[in-house]
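Chemist: Whenever a hint applies, use it, and build me the whole structure from the sequences.
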Amino acid sequence: MNISEIINPANLVYEKPNVMNDTPMHYCPGCSHGVVHKLIGEIIGDMNMQDKTIAIAPVGCAVFAYQYLDIDWQQAAHGRAPALATAVKRLLPDRLVFTYQGDGDLAAIGTAETIHACNRGENIAIIFINNGIYGMTGGQMAPTTLLGMKSSTSPNGREVPTAGHPLNMTNLLAQLKGVCYVTRQAVHTVAAVKKTKKAIQKAFENSMQNKGTSIVEVVSTCSSGWKMTPADSNDWMVENMFPEFPMGDLKNE
Amino acid sequence: MSNEHNKDNEIKLMKGNEAVAHAAIRCGCDGYFGYPITPQSEIMETLMELEPWKTTGMVVLQAESETASINMVYGAAGCGKKAMTSSSSPGVSLMQEGISYLAGAELPCVIVNVMRGGPGLGTIQPSQADYFQTVKGGGHGDYKMITLAPASVQEMADHTVMAFDLAFKYRTPTMVLADGIIGQMMEKVVLPPYKPRWTEEEIKKNTPWATLGKPADRKPNVINSLRLEAIDMEKLNLTLQARYREIEKNEVLFEEFDCDDAEYIIVAFGVIARICQKVVELGRAEGIKVGLIRPITLFPFPTEKLKKHAERVKGMLSVEMSAGQMVEDVRLAVNGKVPVEFYGRMGGIVPSPDEVLHALKEKLIKA
Amino acid sequence: MAKFKGAVVVDIEHCKGCDLCVVACPTTVLALSLEANAKGYNFSHMANQEECIGCAACANVCPDACITVYKVKLA
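Chains as they are written, first to last, in our numbering: chain A, 1 to 253; chain B, 1 to 367; chain C, 1 to 75.
What the hints contain is simulated information worked out from the structure, not anything from laboratory work.
Backbone N, C-alpha and C define an ideal beta-carbon position, used for all residues, glycine too.
Check the hints yourself; a few may be wrong.
Going by beta-carbon spacing under 10 Å, a handful of chain A positions derived as facing chain C [said to hold, decoys possible]:
#: 1; residue: H37
#: 2; residue: Y68
#: 3; residue: V187
#: 4; residue: K194
#: 5; residue: M247
27 Å max Cα-Cα, derived DSS-like pairs, lysine-lysine [to be verified]:
#: 6; chain 1: B; residue 1: K12; chain 2: B; residue 2: K278
#: 7; chain 1: C; residue 1: K73; chain 2: A; residue 2: K195
#: 8; chain 1: C; residue 1: K5; chain 2: A; residue 2: K194
#: 9; chain 1: C; residue 1: K39; chain 2: A; residue 2: K16
Modeler: Here it is in structure tokens:
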């Protein structure tokens, strides 16, 4: 069969979601952010929620998320996304409201906002990208940086006496009664991508059904920060990140 | 001052803080987000008591911090909602990041600061030492905040309403800068009439930039203060500066007492202006031709008015509950034409009329 | 078992040559080109077109949403 016969709209099985526009993403080659953005675009399209979605962008690499997905966005101060989302959802209870945050944003500077939004059981979804490093500012140590992991502010590897242990925010948040769904996923394989899509869809449905706070942690890579190729980063993540941040549901009510 | 109060013009007795809460509900406020701090906690307490979510649908939320409060205000304002917060000096310091973001994202909102003495944890007694923080921009970047300075419980109510109108007219955060006296003092007040909250259709019409969900027929709305390119950031700054010039042109408010024949003018805002009215009375009784100007808006400042008076008076005295902050703006307005002196008390001390009159004589008349 | 034949179209100007699609492809169809796009990336392309089964593994893991996949069922 000729290739031109195959490349025909009738045979289309995968294309970029409509909610995602053509602006080239600024992320480094192989960055997990792009995959998660794409999933969000697919789900909003599938759920037909473009006109009902308000998303909150963080400070960090994903600060520009609003450039790529054609939905209404608010760009928050560093760490404050859950506070913005709280007010948006309280004032527009029939909307889908989600935050998109990295580990520095959610687990360091925004710890208070994250914990209290979750504890109040705000009907929002939180997408938490955990790659154990500050990507945007050039690879500094994050609260989720692994012990021994090198970063520009832990050049000899993270050590407990000076920097403490990696902070497992998702485990903490799962303890809170206001939280209805907590899961930890990744996007390094096709199977993982499909599971993450289901998880984010569930979190969005929970927001629409006003069931409480949902958290989808996506354990991710940062090839530039980790100083590895994207493929090696995936392998390193499976070997080193997964034991500290294991895959699967922590709570599903 | 507006006379469009409720039809029966019923006079009520309440604290300034309580008046803010009542006025907020009545003017169609959509959301209040706050954190307790003395001497303004009655604002949130009154709202919780009144339960407006059962009547107008207004949301009232006790946040985990002032940082969270101001960012909740940002989220609500981004949806075209009438949102407000209130706090006192140390709490307002914590909000400065959020205020700068609100200004940068061109979001309207109302912040009430019931000032107390500082720096640091300070005292819970009244102060005006947050003038610089408010009027000169306490957060980072080139921004201004419309600032209303109420001097009575009535004005606590009226300024709350006015602040929302100005905030939306100019898409800018607006501050009601009160102090611990007006917050705590009980006085008679006629509350403003009820205005319904905006419907979603009205929000779409009045604030087309609001994030309510993107319909098929418009581009995404993005609430944002980030401009990575310097030229774009300068463009945003130029837009803001042009707006501030408009505000300076259109919105200056002040009150004058006995200024027509005055040889000396006292400049004082908020509750201190009321003390200085007594000073004018005492001075006049002694034959001193003294008048008073009370700026009602601190930004925009009544610069032109003071400049005019400077052409004929012998001197001006700025009286404040601070180490001397507004006095700098008075001096800028007067531009060296006549001596401008300062008298103030700090740390929560309220000056008496006698000591102000004494200062006027010592610093200006004898000199 | 039904056999499938597929084809992918890479938006070469959006591709950053991260290689993740190449790794994800179960039938070794994709490879990075020796040519570079306008931004200097060695973009992904079908080096072994005959083997494509249209599974879309490449597109699923593509962070830049630059792969479109087509698939037909062979009779």
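Chemist: For each hint, tell me whether it holds in the structure or not.
Modeler: Here is what the structure says about each hint:
no. : hint            : result
1   : H37             : 8 Å, holds
2   : Y68             : 9 Å, holds
3   : V187            : 7 Å, holds
4   : K194            : 7 Å, holds
5   : M247            : 16 Å, violated
6   : B:K12 to B:K278 : 25 Å, holds
7   : C:K73 to A:K195 : 26 Å, holds
8   : C:K5 to A:K194  : 22 Å, holds
9   : C:K39 to A:K16  : 21 Å, holds
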